[in-house]
Structures are given as C-alpha cells and as structure tokens.
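S.K.: Given chain A, work out where chain B with the ligands should sit, using these hints.
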Amino acid sequence: MTDVADSPAVPEVDRVVIRFAGDSGDGMQLTGDRFTSASALFGNDLATLPEFPAEIRAPQGTLAGVSAFQVQISSERVSTPGDEPTVLVAMNPAALKADLNRLAGGGTVIVNEDAFEERNLDKAGYVDNPLEDGSLDGYTVIKIPMTKLTKEVCADLDVKPRDAERSKNFFALGLVSWMYTRPTEPTLDWIQQKFKGRDKVIAANTAAFKAGHAYGETAELGSHVVAIAPADLDPGTYTNINGNTALSWGLVAASQQSGLPMFLGSYPITPASDILHELAKHKNFGVRTFQAEDEIAAVCSAIGASYGGNLAVTTTSGPGVALKGEAIGLACILELPLVIVDIQRGGPSTGLPTKTEASDLLMAMYGRHGESPMPVIAAYSPSQCFDAALEAARIALTYMTPVMLLSDGYLANGSEPWKLPDVESLPTIDVTFATEPNATDDDGEPIFLPFLRDENLVRPWAVPGADGLMHRVGGLEKADKTGNVSYDPENHALMTELRQKRIEKIADDIPLTSVTGDADASTVVVGWGSTWGAISGAVRRLGAADTKVAHVHLTHLNPFPSDLGEVLARYDNVLVPELNMGQLVKLLRAEFLVDAKPINKVMGQPFTAAELEREILARMGEV
Amino acid sequence: MANAPVTTKKDWATDQEVRWCPGCGDYSILTAVQLMMPELDVRREDTVFISGIGCAARFPYYMNTFGMHSIHGRSPAFSTGLAMARPDLDVWVIGGDGDMLSIGGNHLIHALRRNVNINILLFNNMIYGLTKGQYSPTSEVGKVTKSSPYGSIDQPFNAVSLALGAEASFVARTHDMDRQHMQETFKRAHAHNGASLVEVYQNCNVFNDGQFDTITKRANRPANLIDLVHGEPIRFGVDNERGVVMDDSGNVVIAEVADVGEDALLVHDEHRPDPGVAFALSRLAAGPHSPTPMGVFRSVDRIEYAAGATSQLAAAQEAKGPGDLHTLLRSNPTWEVG
Ligand SMILES: Cc1ncc(C[n+]2csc(CCOP(=O)(O)OP(=O)(O)O)c2C)c(N)n1
Ligand code: SF4
Ligand SMILES: [Mg+2]
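Listed in order, the protein sequences are those of chains A and B. So for the first sequence, the numbering used here puts the first residue at 1; every next one is plus one. So for the second sequence, the numbering used here puts the first residue at 1; every next one is plus one.
Do not take every clue at face value.
[Unchecked claim] Only pairs whose alpha carbons sit at most 30 Å apart, straight line, appear in this in silico BS3-like list of lysine-lysine: (1) A:K281 <-> B:K217; (2) A:K586 <-> A:K501; (3) A:K194 <-> B:K10.
[To be verified] Cβ pair distances, simulated, as ranges: (4) B:D209 <-> A:I447: 38 to 44 Å; (5) B:D11 <-> A:T482: 18 to 24 Å; (6) B:K10 <-> A:P437: 15 to 21 Å; (7) A:I56 <-> B:N220: 56 to 62 Å; (8) A:A322 <-> B:D209: 54 to 60 Å; (9) A:K481 <-> B:K10: 20 to 26 Å; (10) A:P235 <-> B:P333: 33 to 39 Å; (11) B:Q180 <-> A:P437: 34 to 40 Å; (12) A:Y487 <-> B:G23: 19 to 25 Å; (13) B:G142 <-> A:L352: 43 to 49 Å.
[What the hints assert, rightly or not] Covered stretches of chain B (chain A as the covering partner; in silico rule of three or more C-beta atoms under 8 Å from a C-beta of chain A): (14) 34 to 48; (15) 310 to 319.
Hint data in this document are derived by calculation from the structure and do not stem from the laboratory. C-beta: ideal position from N, C-alpha, C; glycine also.
This is chain A alone, in the form it adopts within the complex (with noise of 0.2 Å):
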C-alpha cells in the first residue's frame, strides 16, 4: 500500500481529536489504544481519554454499553485529549446517538453503516434512522458498510462469518490510518504479535485493515487526508505510558533506590487493579504481590510486611480506603512506612467506577479517626506517576510514616509519550535500620527506645532479627521513647503534637511553590492532580489571548509547600478548579484565609481545556 505521508499534496494540520466509539463488544479500546501507539511511535505528541461502562458485557447496541477511546494528536505540546473530537467514528447507533453531542460543528463522522438497522436504531432509542432523517446535517457523514465489506476480505481466508465481522474494527483502525497518514507496520506487526497461534485471527485482522485503509484510497475519501507532523518533543528515548502503569514502575524504581524489597497488599478494584496486575508480573525484582481477602487484610498485611523492613505498599480506589481507614490510623501511631494509593472514581459508594472524579482529597487528609496527620501526594499527569510513586515512597521511608498517593481513573488509563528519565539519575533513598541500642537506662545499660526521635522526629526502624531490639509496638498510646503502654494525659498531648510537627517539617523537604503562567498576573488558578492538563491548557490559551493568569500546581498537598500561604497572598483572585464539590478550595481557605472560588465539575469526566478557559475568564469578569 502507498504511504500518503509521502504525497506533496496532503495538507498538514497541527493536531486531531479523534472519538472512536462503538458498542463494549466492539473493540474500541483496542483500536484506539492502537491508533495511539501508532501515532506515538511516528512522534507526535498526544494525550487519550478512554472511557468505558462499568459493566463487561453491558446489553448489546444499548447506550449504556457504549465503550469510547479519545485521542488528540498533534505536531504540538498537548496537555489534554482534546476539547471536543473534530472526528467520531460511530460503530453503532448507540454510539452516535451517545457522543454525537460532544462531535465539535462541522466535525466528521464515520460510520458504520451496516449497523443502523431497526433493531440496534430501535435499542438506541432512534425513531428514524438518523443517517437519513437530516439530524446529521451541519456535519461530514461517511458512510461505509464496515461489517459487509470485511466479511468480504475475509470470505476467502476460511474464517467464519461471525468472526469475520468482529474484525471490524481493524478495518475502522486501518481507514482511520489512512486519513491521518498514520504509518502501518506499527499495527500490522502488532497484530502478529498479540495474535500469535491464531492464524485465522491474524489473517482476518490484517485483512479488514489493509482492505479499511484500501477503501480510503480507492472511495474518493482523498479529501479528507491530513498529516500531522511529528512534534518538536526534548531529545531522548519515549515511551508511550499509561497512569497506572508509570505509578507501578516508580513503586519497582523506588524498591530498587532504597534497596528494600517491595511487598504490595491489595484487592481488585477499578481502575487500581492493573497496578496490581503489573506489579505481580515483576517478581524478578523481589515484588512480592498479595492478593488480600479484602482491602482491610491488604493494608493490614502490607503493614506487617513494613514493620518485618519491606517497602510496603496498598493500592486501591476510594471505596477500598475507606475500608483501609483504621488501620492506616494505626500506621500512623505505629510510626511504620507505607505507601497508600488510591486511584480515585466517582463516589459515594460504588458510584461511577470507570468514570473520574478527584473527591477523595479530604478523605485521604482526614479520613480517620483521633488526630492522625499524614503526608498526601497527588499526581498530575500520566507519566507524572512515576514520579509521584517515587516521591510517596521516598516521603513514606524518609519519614517513617504513612502516605496517601492519589490517582485518578484518567490518569490510570489516560495515556501520553513519556521521555524515559535515565535510571542513573534517580534520587536514592536512604534507609537505615537501627542495629544497637540508642541509649543507656538509670544504671547506665545500653537499651533500645523505639519512640526516641531524631532532629526530623522521626523514630528508629529497628525490623525483627535485629539483635537485642526486641520491642513491641501497637495502637495504644505510647510513652515518649519508650513506646511502652501510657495513658497519661500529658503525654498523650505531647505525642499527638509530636505526631503532628513531624508531618508538619516535612515541608522543609519538599518543593517551593512553582508558578507557571504569568506569575505577576493578578489571577492565580490553584490545581491538584490530573486537572493539570486542562489548566495548563486554559492559561496557556488565555495567555496567547493577552490575558494574564498564574498557574500553581500542587503535587504536595500535606504538608503544603512552605511558601505557598505566601505566593496566594500575592494575588487578588484565587480560582480553584476540581473534579468534586470544592475540597482543596477549603483547605486553602481553612489554612491561609484566602478567599479562593471553586471551579467543580462532577461528571465523571475531566475538565477539558475550553471549559476552563472559558470559567476562569467569567470568574475574572466577576472581580
């Protein structure tokens, strides 16, 4: 097949966001995650937003089993998978029907012809066919009868016909390919790969895409071919990384710059449940993996994995930190090293499990009971995770303390190119066990406190084996260095506040505030995690528009950069974006008297880039 890319005539444009959608059954997460990597590979920068239902085999053809992949690629720094997909590629009528709304006017459609017949029109709550009825004026309609034309590529490879048809989407992947230039061998090598033992199965995918990008060709569809060139990205090595996968990798990174073996307990739960699914493939680095009998056992056993020396660690989703909270409470007044994730959904309850939502930040800061302080990290973009993973753990170790990470389902799944950093330039993190006695009793024998602290108040880690350390340690209050057994009133104040200005100092070990954007700007956005995209998207829009907006993005959320009281007071107009109801908003409020204003969106999807443009300038007009 020719390569488009190489014609003169192709117009290039700067960037794409393509929506393929289809029924759960369709295969749209693997053709998009397909067109991703193709797209990655050739060099474009890209950001992707896969979503799907909650259910695995939700009722065929209905709008609730509509599973969709977003892409935006571009010759350009992107932040986002785009403000509304300039193309859709509908498998179904439900699929239409479901993201049509979002198609940007004047966008493309691509569809699937063969499904809009009575019973799949009728499930999708169509009276008319809307191919016909006029409801898609106003946009470019491709019609191609994808599921007849790849049983006929595949009528001679002895396939059967119902196999034949779900190949449908590699002829999607492979029209889609052709209009945006995409290189081929890329996917045709993939499928030999993913396929492997299954001829049949490879014979008819690598049919219904030659003959899907064939019929962009040969169908006059010429005029909708665009390049995009590859983006201007640092030099290096790139990967294309997922949320949940880069956060697996910092957690193995920070084992091996430690030194510690890693032990993870932890439950299924989406979307946390790939991070434990990659780290159980990596048992050649000393990951121990623990599939718990629930998310109490998982915490709990990772905190016996900690206090034996390992670098422990529990993943799971809000519904599971829940269920992790007391024992997370005793963590931290056992003063033992654990590195807590929590993938966020939406909530309350089982809520939306696949869709995002970032409304777990007061729970992870004060979601258990008595007065128990306790680092919360946040990451902010896909490939951010390593280093968010990497940094909990070193906070975790360093501190002797438990630590929340949060995640979200976009971030998880959520996916761009990553410059692999070089392994040689990773912080190490220093741990050191307690091997003797730290100090002498009233006859002046060497004895071990396991509660005398250093000039971080941070307590020795002596594990068992360690000679004459033997100690106990456990959820009652504890004697100052002693850790013995005490109800004394005033030793109870004294812990509970040494407790906390051990959290608190930690603040002297993390970042400054970093402003981006216009710094001397009178309007500050103030975001946490994955709104980082969409933020940086908006202020950089506003500021190529001649209006000045700073940018603060918090990765350390407790304790707050040292500064931060400071730089907000710099500005008259504090805006909050969130993906909940306003819960760093109150924080900031509580803690530097600000009068910062929320943004919120609780739709289980992410801010894109327009809406915050378009908020943060009504918020400013409102000054």
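M.R.: Same frame as chain A, but now just chain B with the ligands:
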C-alpha cells in the same frame, strides 16, 4: 534458627506490669508460653507476637520479643504480610474469640486456607472480656449478658470445626488448666510448617466464670476430656471405659468399650488427608459440658504460603535474571527523538 542462646522464662518476660484481672486464665497461658519458649531453640529477636484487640490481645506487651498489638480482628492479616516478607521469623498470633471469630473471622479463615506459617493461639473464653461481658460468637444459645438480656439467639461457632472447614492444615485444642498439655500443644503448633490453629479454652473469671469447669476441673477431666493421641485408639473415662467409634451409618459417636469391644475403637490419625473424621470428632461435644476432645485434631503437610511466594520469586529471577529498571522502562515500544 538452631543454637539459640540458652534462656530462661525470665528472659522472655518484659518489665511491663501484667494487667489482666486476678485469676484470669490468660495468666496461666502466658506462663505456659514463657516457660516453653526457652525449649524451642529460637532467638527472642526472631520471634514476633502479633495480636488484635481484647484482653487476650494484650499478650505481646508481656513477651520480651518483637511484637505488635494491632487492631481488632486483623492480626492474621498483619501476620500474613510479615510472614511473607520475612519467612525467617517465628510468628505467633494471639487473639480472643471475638477478635478471631467475629470481627476477624474472615482473616482467620483465609490465613488458614493459605497456610501461611503462623501459629495462631485463639483464647476462647466464650465472652467479650475487654468490652465488659457481651456474648461472643462462641457463646451458647440462651446466654444472658448485658447485650442479650433475654438470652442470645445466635448459633455459636465451634472454632475447631470452623478451622477444619477452612482447609486448616493444623488444628488443635487445649485449655488453661493444664500447663503441660498447653506446652505440648503449642510446641506441636510451632513445629508445624504452615498455619496452625490452637483453640485454648480460657476461663474469664469476671464475666464468664466456670464456663469450662465441667470438663477442665481436675476431678472432671478423666470423665470429660478425650485425649487425642496419634496412632492410639480414642479412649477416655475414669476407668478408661469409654471410647469413640464410627457406627454403621458412618457417624462418629461415644460408646462404652464393654459394648463395642476394644477393636472397634477409632484409631486417631492426625494425618488423614480428608478432614472428615477430624471434623466429626470436633462435633462430639456441642459445648464444653460433655466429653470433649483435646489435642491435635489434624496435622497434614501442605505447601506453606510464603515458601510458595518465595519460590515464584526465585523462579522469575532464574528465568529473567534480576530485575533491571532501565530494561523495564523500555519494555513497551520506544522511539527516539532528536
Ligand atoms: C473496630 C473495633 N470495634 C470494637 C472494638 C471494641 N472491642 C475491643 S475488644 C472487643 C471484643 C473482645 O473480645 P475477645 O476478642 O473475645 O477478647 P477477650 O477480651 O475476651 O480476651 C471489642 C468488641 C474495638 N477495639 N475496635
Ligand atoms: S475480663 Fe475476663 S478475660 Fe479479661 S482479663 Fe478479666 S478475667 Fe481475663
Ligand atoms: Mg473472649
């Protein structure tokens, strides 16, 4: 861990004041354990006692070893993590009937089925002691307590039956009135490679006094304690006149030896692969008020959990070599820029 330094009971005791009620059965269990430890040839440093919450669960504070007094019900989970991370350690788990069978029931059964190498001592006093006397999951139907003024309507658990049903590889029972028997039983549990559950009948003299008297008082023992000895016919009674047989319908029942003959007696086999007979033995007494088996019900070899995990790690390292971060980061397709 052989050749541990010679120690005495004193070396295994902490300087902390023991705070159980005077006369509590927990004291005699503590003494039995502290006296036994020097005989095990283990270092105090390599020994960890982990407990949940309850009177029983105060135990670790009194053992001069490593220890963790954790949270209510979860001690099997903490222990599983520790035993997996540190298979070199000796991990003992202590808890009451509420701790282990109510709030922690789920963790107990899963620790047992996984067969992680921990020794679980379940102090069963058939009551909630620390919270001042509510009925527990082992309290008998009709039990009148503060929370059941009209009598408990809950069917109780039989801890041994439960453990056997949970695929436990080692299950035993002993009681706080017989130090010798406790020590023998705890030693057996310690020697077992895998999860061991020992139910210890323990008198709470404040909230449930005398609950076990019918069977554990010295004078009552011959008639009401059935000693399980591996390879021996199961026989008991003041004059050894009674025994356990399997009747024609396959039921395990108590019979007079004179009626059935010595040869008909069931010979105890701890190593029977099928837990059925052990389970039937655990059902001989509906509560501690009629002849009750004591000793090891079941002891079978099965792959120990931490060893299973460790061997998977070793196999992965053998096959792939030790992990290399640089390679891991490049395990998906990569491309070069510039
Ligand atoms: C989460 C939680 N719920 C309830 C309690 C209160 N509590 C402490 S011990 C206990 C029951 C103790 O009974 P058992 O386990 O039989 O131990 P015993 O005191 O009888 O030795 C309860 C309900 C607690 N500490 N934590
Ligand atoms: S309440 Fe009962 S179990 Fe608890 S210490 Fe007192 S006697 Fe022992
Ligand atoms: Mg009890």
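S.K.: For every hint, state whether the structure bears it out.
M.R.: Evaluated hints:
no. : hint                          : in the structure
1   : A:K281 <-> B:K217             : violated, 56 Å
2   : A:K586 <-> A:K501             : holds, 22 Å
3   : A:K194 <-> B:K10              : violated, 65 Å
4   : B:D209 <-> A:I447: 38 to 44 Å : holds, 40 Å
5   : B:D11 <-> A:T482: 18 to 24 Å  : holds, 19 Å
6   : B:K10 <-> A:P437: 15 to 21 Å  : holds, 20 Å
7   : A:I56 <-> B:N220: 56 to 62 Å  : holds, 60 Å
8   : A:A322 <-> B:D209: 54 to 60 Å : violated, 40 Å
9   : A:K481 <-> B:K10: 20 to 26 Å  : holds, 24 Å
10  : A:P235 <-> B:P333: 33 to 39 Å : violated, 18 Å
11  : B:Q180 <-> A:P437: 34 to 40 Å : holds, 37 Å
12  : A:Y487 <-> B:G23: 19 to 25 Å  : holds, 23 Å
13  : B:G142 <-> A:L352: 43 to 49 Å : holds, 48 Å
14  : 34 to 48                      : holds (count 5)
15  : 310 to 319                    : holds (count 6)
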